[in-house]
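Engineer: Okay, here's what each chain looks like letter by letter:
Number of protein chains: 2
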Amino acid sequence: MNISEAAKLSGLPAKTIRYYESIDLISPPRRAANGYRRYGKTDIATLCFLRQARQFGFNIDQCRLLLGLYKNPQRRSAEVHQLVSDKLEEVDAHIRELGETRELLAKLVGACANDEAADCVIIDRLAGQQEQTQILAEVKR
Amino acid sequence: MNISEAAKLSGLPAKTIRYYESIDLISPPRRAANGYRRYGKTDIATLCFLRQARQFGFNIDQCRLLLGLYKNPQRRSAEVHQLVSDKLEEVDAHIRELGETRELLAKLVGACANDEAADCVIIDRLAGQQEQTQILAEVKR
DNA sequence: TCTTGACCTTCCTGTTGCTGTAAGGCTTAG
DNA sequence: CTAAGCCTTACAGCAACAGGAAGGTCAAGA
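As given, the protein sequences belong to chains A and B, one line each in that order.
Heads up: the first sequence is residues 625 to 765, going by the working numbering.
Heads up: the second sequence is residues 625 to 765, going by the working numbering.
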């Protein structure tokens with residue numbers, strides 16, 4: 625099948641498939657006489673695997689590792705487990721960080737007068753607090 | 625003061641300050657006779673504002689808007705409120721998305737045998753389920 | 001037969017928000 | 001006089017693609 629059908633079946637844009645080939649994430653497929661790329665079922669399986677892994681938040685390098693394990697019948701499931709639990713921790717850290725940001729933003733939204741006045745708690749907060757003291761110290765000099 | 629002191633006081637790398645100037649996020653500072661950039665307290669305040677806004681997750685274009693409001697004494701606090709609550713929603717959406725990913729990853733980690741065997745639930749899951757049926761359909765043809 | 005439209009190819013550029021590096025000038029201390 | 005630690009510009013590169021140009025191919029319809 626041609627690249628557009630491979631794209632449809634795998635759920636990846638054709639552009640992305642070519643890109644993956646260009647960075648040696650997948651091996652170059654056979655070519656038809658006219659130069660068109662030809663994909664088989666194994667290729668589609670690989671592409672699906674990559675789509676899923678990317679959706680799970682693995683970056684390209686991590687996908688490379690996963691793909692290696694996927695294609696290696698000698699793998700130990702513990703290796704896979706390690707990769708995935710590392711990623712889980714990564715995602716957890718990211719969520720915690722975003723959660724903190726969220727709380728701060730929520731406070732700002734709650735504190736803001738939200739009216740026609742120019743006076744704005746948010747602006748004041750963004751302008752900084754501890755920074756202001758630094759600046760005042762500068763001014764006094 | 626020179627750029628490196630401005631960097632120290634604002635908490636932004638000197639590189640970033642020059643970058644912000646190059647994309648017209650901040651206005652070019654005065655120059656000393658030797659061509660060095662000279663910064664004053666107002667510049668530092670602006671840079672601090674930007675650092676805070678970036679930490680809150682605002683992208684450069686959003687920072688541009690915020691900065692406009694910051695510098696405009698005629699602003700209405702409602703405009704600021706709007707920008708920030710939009711961002712809050714954005715962050716919430718991001719957190720929800722990551723939360724779903726997290727749950728899926730946790731399930732994978734929990735289901736994996738985590739041993740020396742090659743058999744691995746995670747790999748199977750990443751290889752896809754509904755995709756497999758598609759492939760089987762292909763194979764049968 | 002010709003043409004139209006839908007494929008396919010490669011190559012180049014742009015995105016976001018910086019960071020790294022090269023190559024060079026200024027300034028100050030020893 | 002030299003070494004260090006500033007400063008300058010300009011260009012390249014990161015991730016993970018997306019968009020578009022310029023051109024070749026293929027099947028269907030007038």
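In short, the hints are calculated from the structure, not lab data.
Careful: at least some of the hints might be erroneous.
In silico DSSO-like links for lysine-lysine, alpha-carbon gap of 27 angstroms or less [claimed, not checked]:
hint	chain 1	residue 1	chain 2	residue 2
1	B	K632	A	K695
2	B	K695	A	K731
3	A	K695	A	K665
Short derived list, chain A residues pointing at chain B, Cβ under 7 angstroms [as the list claims (entries may be wrong)]:
hint	residue
4	Y660
5	R726
6	A735
7	C736
8	L750
Small disclaimer: the values here were computed from a predicted structure and weren't measured.
We put the beta carbon where it would ideally sit given N, CA and C, even for glycine.
Engineer: Indicate, hint by hint, whether the structure satisfies it.
Structural biologist: Each hint tested on the structure:
1. B:K632 <-> A:K695: Distance ~50 angstroms between K632 (chain B) and K695 (chain A) Cα, so the pair is violated.
2. B:K695 <-> A:K731: With Cα atoms ~22 angstroms apart, K695 (chain B) and K731 (chain A) stay inside 27 angstroms; holds.
3. A:K695 <-> A:K665: Distance of about 14 angstroms is within 27 angstroms: holds.
4. Y660: violated (18 angstroms)
5. R726: Constraint on R726 (chain A) satisfied, holds at 5 angstroms.
6. A735: Violated, because the Cβ-Cβ distance from A735 (chain A) to chain B comes to roughly 10 angstroms (cut-off 7 angstroms).
7. C736: holds (5 angstroms)
8. L750: holds (5 angstroms)
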